[in-house]
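K.L.:
Following the hints, complete the assembly by docking chain B onto the known chain A.
Residues per chain are reported as follows:
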Amino acid sequence: MLDFTPKEYVDRKGLVINPAKTCQPVGAMYAALGIHKCLPHSHGSQGCCAYHRKFLTRHFRDPVMASTSSFTEGAAVFGGGTNLKTAIKNVFSIYNPDIIAIHTTCLSETIGDDIPAIILQSQVPEGKIVIHANTPSYVGSHITGFSNMVKGMVKYLSKNSGVPNGKINVIPGFVNPADMREMKRILKAFGAEFIMFPDTSGVLDAPMTGKYEMYPSGGTKVEELIDTGNSKATIALGSFASADGAFELDKKCKVPYTVLKTPIGIEATDRFLMEISKITGKEIPYELEEERGQVVDVMVDCHYHYHGKKVAIFGDPDLVIALTEFAISLGMIPKYVLTGTPGDSFEKEVGEMLKAAGVDGKVKAAGDLFTLHQWIKEEPVDLLMGTTHGKYIARAEDIPFVRIGFPILDRSVHSYMPLVGYRGAMRIIEMISNTLLDRQDRDAADEDLELIM
Amino acid sequence: MKQKLDKILEKYPAAVFKNRKQHIVVKDDSAEQPQTIAANVRTIPGIITNRGCCYAGCKGVVLGPLRDAVVLTHGPIGCGYYTWGTRRNKGRTKGDELNLLAYCFSTDLQESDIVFGGEKKLYQAIREAVDIFKPKTIFICATCPVGLIGDDIHAVALRAQKEFGIKVVAFSCEGYKGVSQSGGHHIANNGLIKHIIGTGEKAVGKYSINLLGEYNIGGDGWEIERILKKIGYEIVALIPGNGTVEDLKYAHKATLNVIQCHRSINYIGDMMRTKYGQDWLKVNFIGISSTIKSLRDLARYFDDPDLYARTEAVIAEELEEITPQIEEYRKICKGKTAALFVGGSRAHHYQHLFKDLGVETVLAGYEFAHRDDYEGREVLPTIKEDGDSKNIENLEVEPDPKHYRIFLSKEKYEQLKNEIQLNDYTGMIREMKNGSLVIDDLNHYETEEILKLLKPDIFCSGIKDKYVAHKAGIFSKQLHSYDYSGPYAGFRGAVIFARDIAMGLKTPSWKLVTPPWKTQPIIEGSYVC
Numbered sequence: 001m002l003d004f005t006p007k008e009y010v011d012r013k014g015l016v017i018n019p020a021k022t023c024q025p026v027g028a029m030y031a032a033l034g035i036h037k038c039l040p041h042s043h044g045s046q047g048c049c050a051y052h053r054k055f056l057t058r059h060f061r062d063p064v065m066a067s068t069s070s071f072t073e074g075a076a077v078f079g080g081g082t083n084l085k086t087a088i089k090n091v092f093s094i095y096n097p098d099i100i101a102i103h104t105t106c107l108s109e110t111i112g113d114d115i116p117a118i119i120l121q122s123q124v125p126e127g128k129i130v131i132h133a134n135t136p137s138y139v140g141s142h143i144t145g146f147s148n149m150v151k152g153m154v155k156y157l158s159k160n161s162g163v164p165n166g167k168i169n170v171i172p173g174f175v176n177p178a179d180m181r182e183m184k185r186i187l188k189a190f191g192a193e194f195i196m197f198p199d200t201s202g203v204l205d206a207p208m209t210g211k212y213e214m215y216p217s218g219g220t221k222v223e224e225l226i227d228t229g230n231s232k233a234t235i236a237l238g239s240f241a242s243a244d245g246a247f248e249l250d251k252k253c254k255v256p257y258t259v260l261k262t263p264i265g266i267e268a269t270d271r272f273l274m275e276i277s278k279i280t281g282k283e284i285p286y287e288l289e290e291e292r293g294q295v296v297d298v299m300v301d302c303h304y305h306y307h308g309k310k311v312a313i314f315g316d317p318d319l320v321i322a323l324t325e326f327a328i329s330l331g332m333i334p335k336y337v338l339t340g341t342p343g344d345s346f347e348k349e350v351g352e353m354l355k356a357a358g359v360d361g362k363v364k365a366a367g368d369l370f371t372l373h374q375w376i377k378e379e380p381v382d383l384l385m386g387t388t389h390g391k392y393i394a395r396a397e398d399i400p401f402v403r404i405g406f407p408i409l410d411r412s413v414h415s416y417m418p419l420v421g422y423r424g425a426m427r428i429i430e431m432i433s434n435t436l437l438d439r440q441d442r443d444a445a446d447e448d449l450e451l452i453m
Numbered sequence: 001m002k003q004k005l006d007k008i009l010e011k012y013p014a015a016v017f018k019n020r021k022q023h024i025v026v027k028d029d030s031a032e033q034p035q036t037i038a039a040n041v042r043t044i045p046g047i048i049t050n051r052g053c054c055y056a057g058c059k060g061v062v063l064g065p066l067r068d069a070v071v072l073t074h075g076p077i078g079c080g081y082y083t084w085g086t087r088r089n090k091g092r093t094k095g096d097e098l099n100l101l102a103y104c105f106s107t108d109l110q111e112s113d114i115v116f117g118g119e120k121k122l123y124q125a126i127r128e129a130v131d132i133f134k135p136k137t138i139f140i141c142a143t144c145p146v147g148l149i150g151d152d153i154h155a156v157a158l159r160a161q162k163e164f165g166i167k168v169v170a171f172s173c174e175g176y177k178g179v180s181q182s183g184g185h186h187i188a189n190n191g192l193i194k195h196i197i198g199t200g201e202k203a204v205g206k207y208s209i210n211l212l213g214e215y216n217i218g219g220d221g222w223e224i225e226r227i228l229k230k231i232g233y234e235i236v237a238l239i240p241g242n243g244t245v246e247d248l249k250y251a252h253k254a255t256l257n258v259i260q261c262h263r264s265i266n267y268i269g270d271m272m273r274t275k276y277g278q279d280w281l282k283v284n285f286i287g288i289s290s291t292i293k294s295l296r297d298l299a300r301y302f303d304d305p306d307l308y309a310r311t312e313a314v315i316a317e318e319l320e321e322i323t324p325q326i327e328e329y330r331k332i333c334k335g336k337t338a339a340l341f342v343g344g345s346r347a348h349h350y351q352h353l354f355k356d357l358g359v360e361t362v363l364a365g366y367e368f369a370h371r372d373d374y375e376g377r378e379v380l381p382t383i384k385e386d387g388d389s390k391n392i393e394n395l396e397v398e399p400d401p402k403h404y405r406i407f408l409s410k411e412k413y414e415q416l417k418n419e420i421q422l423n424d425y426t427g428m429i430r431e432m433k434n435g436s437l438v439i440d441d442l443n444h445y446e447t448e449e450i451l452k453l454l455k456p457d458i459f460c461s462g463i464k465d466k467y468v469a470h471k472a473g474i475f476s477k478q479l480h481s482y483d484y485s486g487p488y489a490g491f492r493g494a495v496i497f498a499r500d501i502a503m504g505l506k507t508p509s510w511k512l513v514t515p516p517w518k519t520q521p522i523i524e525g526s527y528v529c
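Residue numbers (UniProt numbering), protein chains in the order written: chain A, 1 to 453; chain B, 1 to 529.
I should point out that these hints are in silico values taken from the structure, not numbers from a laboratory.
Heads up, a few of these hints could be off.
[Unchecked claim] Straight-line C-alpha distance at most 25 Å; calculated BS3-like pairs for lysine-lysine:
| no. | chain 1 | residue 1 | chain 2 | residue 2 |
| --- | --- | --- | --- | --- |
| 1 | B | K136 | B | K202 |
| 2 | A | K211 | B | K506 |
| 3 | A | K89 | B | K506 |
| 4 | B | K4 | B | K27 |
| 5 | A | K128 | B | K11 |
| 6 | A | K85 | B | K90 |
| 7 | B | K4 | A | K211 |
| 8 | B | K452 | B | K336 |
| 9 | A | K13 | B | K134 |
| 10 | B | K18 | A | K37 |
| 11 | B | K452 | B | K27 |
| 12 | B | K162 | A | K13 |
| 13 | B | K136 | A | K13 |
| 14 | A | K7 | B | K194 |
| 15 | B | K21 | A | K89 |
| 16 | B | K455 | A | K211 |
| 17 | A | K13 | B | K94 |
| 18 | B | K120 | A | K13 |
| 19 | B | K433 | B | K336 |
| 20 | A | K7 | B | K134 |
| 21 | A | K85 | B | K21 |
| 22 | B | K518 | A | K211 |
| 23 | A | K89 | B | K7 |
| 24 | A | K377 | B | K134 |
| 25 | A | K391 | B | K90 |
| 26 | B | K334 | B | K167 |
| 27 | B | K511 | A | K211 |
| 28 | A | K211 | B | K7 |
| 29 | A | K211 | B | K11 |
| 30 | B | K11 | A | K89 |
| 31 | A | K37 | B | K11 |
| 32 | A | K391 | B | K94 |
| 33 | B | K94 | A | K7 |
One chain only, chain A, in its complex shape (with noise of 0.2 Å):
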């Protein structure tokens, strides 16, 4: 397995191989899903939207829709007007939706289409809404394409009319369905009232029923999306997935904003929740409470399972850093740390994590899987924490694997389950546990193999 990868490191600056990110258009897919009713809208040629709807469906093994402009060469060389207004009519007229979020990609982008003047020369039915995010592929990864797609959400629909509706906006980021479940029960125990935007539950985790629906009952209402202007405060889970939503949100409509990590472990699930208690003025229920020290019981307890585990992490930014800090809470050594998504930010606040800790490992942000696989041929590691892709290297080197992050693609039912606030991190735990000690067994002699553990 990855036999060609050699063990000397080589220092690459045209070649990406094995990359630890994707393009834009995806995240935006995601992020529109996560509007109810709404179907999503790929402006460019119709391999991207089909890919894109397959990356969807594979990790949440549930329909993805999305419409797309089919650009053809013709197209391509003069714009994508005609196009995007005959797909626009089109979608409008068969499928129906309420509002139709329009995402690029890198050929609309390189040609350079304005969207908006697009948008104005459509035919838009009453009471129909198309928004639009520009998410050139060139441009960071499909985080910023999600990201881009949640600030477009502001532009378009956030109003301020000044009555104020006492809730507190929460942008979840780029985490599963159940997570947003997880965030939304965490707000509900302390009864604060909240929009969160977007919302892919009850979209992307829908139900069997016998009849399909194409747009599910979850999702962010429009006229909610609207009202997120009233709001009191804004909470941004994940600064590259979220924080620039809240900072439009804060420039139109003047609503403060918090940007926190995603909500991962005890640490920042605790600073999650306390600034849920500043902004409502309510008390930390007791029931979190009892969460929380259920997981700090658990913790003491099976300390021996991890404690002093080398791992390397990666995967989408904001998980991973919040996965980092978590890592370091349970003891473990998180020895490489690494994103496909560029950003320096992201090297910084591993880096003085893993300083903070004492901890001599690397940090790289916009780099690659096979960067990530010759650092532990380098110098191995006790666990790897990503994607399904890092199964390959997980295998070569003879790894145990926790799979976590996006995509997915070879495990069933992990979006059901969260990650996020007490709950995610006692699972989290037990998946980190499961793996070393399915491991220790493996390799145990029979007369070593333990009955408890």
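P.N.:
Then chain B, alone, in the frame of chain A:
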């Protein structure tokens, strides 16, 4: 049926209605003229097509499976990323050969590359690939922005080829070219003919063939190879499943080209016929009866008593092995109906396998096939190339003075031409049952409506459709990825397919879809202790 269909189509805006009508045919055995269908034309914007792009057809389908080449995507990261491990074209390394199937190579273009051009970065990426992997071949595949910013990837390829002393070939398969994956197949075929096939020399045996348009999805190619080798054929080149560029170089030495997927590889079949004199034979190794027929057709071409005997002996042996198992699954499948919507060839091939299991195909359609795949190659002269596909080069080749050979006498050729599909393919429509539906470039709306109308027991399509059908309570089997199973080809593949279909139909979960309280009253009143 016709009226019900019209009712479905009525919802379309006028222009869409007019367009889509031409892509839908109800098979009518009483029709005086052969039925025609519109195909290989541009997709309607906003219709929710299943189609992909030219790059997918070139890099993802044809070039990607060649395991000893660095297939380098020149573009932003997505295109390379999405074709990384997602098509299950398996490959196994022989000895110390290079096998790069688990790798994804990209120039990961950034904004500055779009502004100042990506040629320098491409050259640098090639240099790094050469340093690290020492490949003998590098293929460069273009993506959407490459054509627009004017990167001359062919010039970079030429320069790198000279500098590094290896084969470097560029493919201008920008995603917007043509109207679907199909354009990409053509571009890949042209490049392989121009730069790879016929560049090596090697002695081959008497019963030598190339297996063309077989992608070894889930190991299909291996099962076909197993059967062919058992009979005594020598396979010179596999194009492309589990194939190597090294073997492709000798493809012109084989006696016959055996074609599984007509759509993606017929160009190479035709061009090799003109250039080297090799005939091609359309086969179908999906399904038991069709595999038997294909093996017999193949034997007829070589017309050798030993080969006939070996062919029949192998068929008998294989049938003995699989018949008891197939019969078990057939009991579960018999009498069911299937709707098939797959890329450019499987919607036809799998009808045979379903027939073997007693399943009737009520709908079949392709994403990107051309009229000849639907109606047969006899309509080729009547197909008008439209503006959207004109940019795909039609490569003109001439007989190769050194390698051109004639394999069959004129009389023999004429005789065989009437008996087997020699340099010919008769298409899907004529094999379909009266009253069944044929739909080209089926879209989401039609899928939903037609599933409601036909209520098939099995819907065979791809990943984007699969869960739509499941949510509606219809078992869906992916015929692109085989739902991570396979092989489905040949004799043993038929058993695995039958097992998978039977399993999908019988899984007890289907009975749990409706909660009991929706169908039974919950007893009112309370217990008295």
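K.L.:
Does the alpha-carbon distance linking A/K128 and B/K11 stay inside the 25 Å limit?
P.N.:
19 Å, holds
K.L.:
Below or equal to 25 Å on CA atoms is what counts here, so check A/K85 against B/K21.
P.N.:
At roughly 22 Å apart (the allowed maximum being 25 Å), B/K21 and A/K85 satisfy the hint.
K.L.:
Taken at face value, is the distance from the CA of B/K336 to the CA of B/K452 at most 25 Å?
P.N.:
16 Å, holds
K.L.:
Quick one, are B/K162 and A/K13 close enough, alpha carbons at most 25 Å?
P.N.:
21 Å, holds
K.L.:
Given the hint that A/K391 pairs with B/K90, does the C-alpha gap stay at or below 25 Å?
P.N.:
17 Å, holds
K.L.:
Between A/K37 and B/K11, does the CA-CA distance stay at or below 25 Å?
P.N.:
20 Å, holds
K.L.:
Would the pair B/K4 and B/K27 pass a check requiring their Cα atoms to be no farther apart than 25 Å?
P.N.:
Measuring from Cα to Cα gives roughly 15 Å; hence the hint holds.
K.L.:
Would you mind confirming whether the straight-line C-alpha gap from B/K4 to A/K211 stays at or under 25 Å?
P.N.:
21 Å, holds
K.L.:
Against the 25 Å threshold, does the CA-CA distance of B/K11 and A/K89 hold or violate the hint?
P.N.:
OK: B/K11 and A/K89 at ~13 Å, within 25 Å.
K.L.:
For B/K94 and A/K7, compute the direct alpha-carbon distance and say whether it is at most 25 Å.
P.N.:
22 Å, holds
K.L.:
Mind checking the alpha carbons of B/K455 and A/K211 for me, to see if they're no more than 25 Å apart?
P.N.:
13 Å, holds
K.L.:
Going straight from one Cα to the other, do A/K7 and B/K134 come out at no more than 25 Å?
P.N.:
The given pair, whose Cα atoms are some 15 Å apart, holds under the 25 Å limit.
When each numbered hint is compared with the structure, violations occur for hints 3, 6, 10, 14, 17 and 26.
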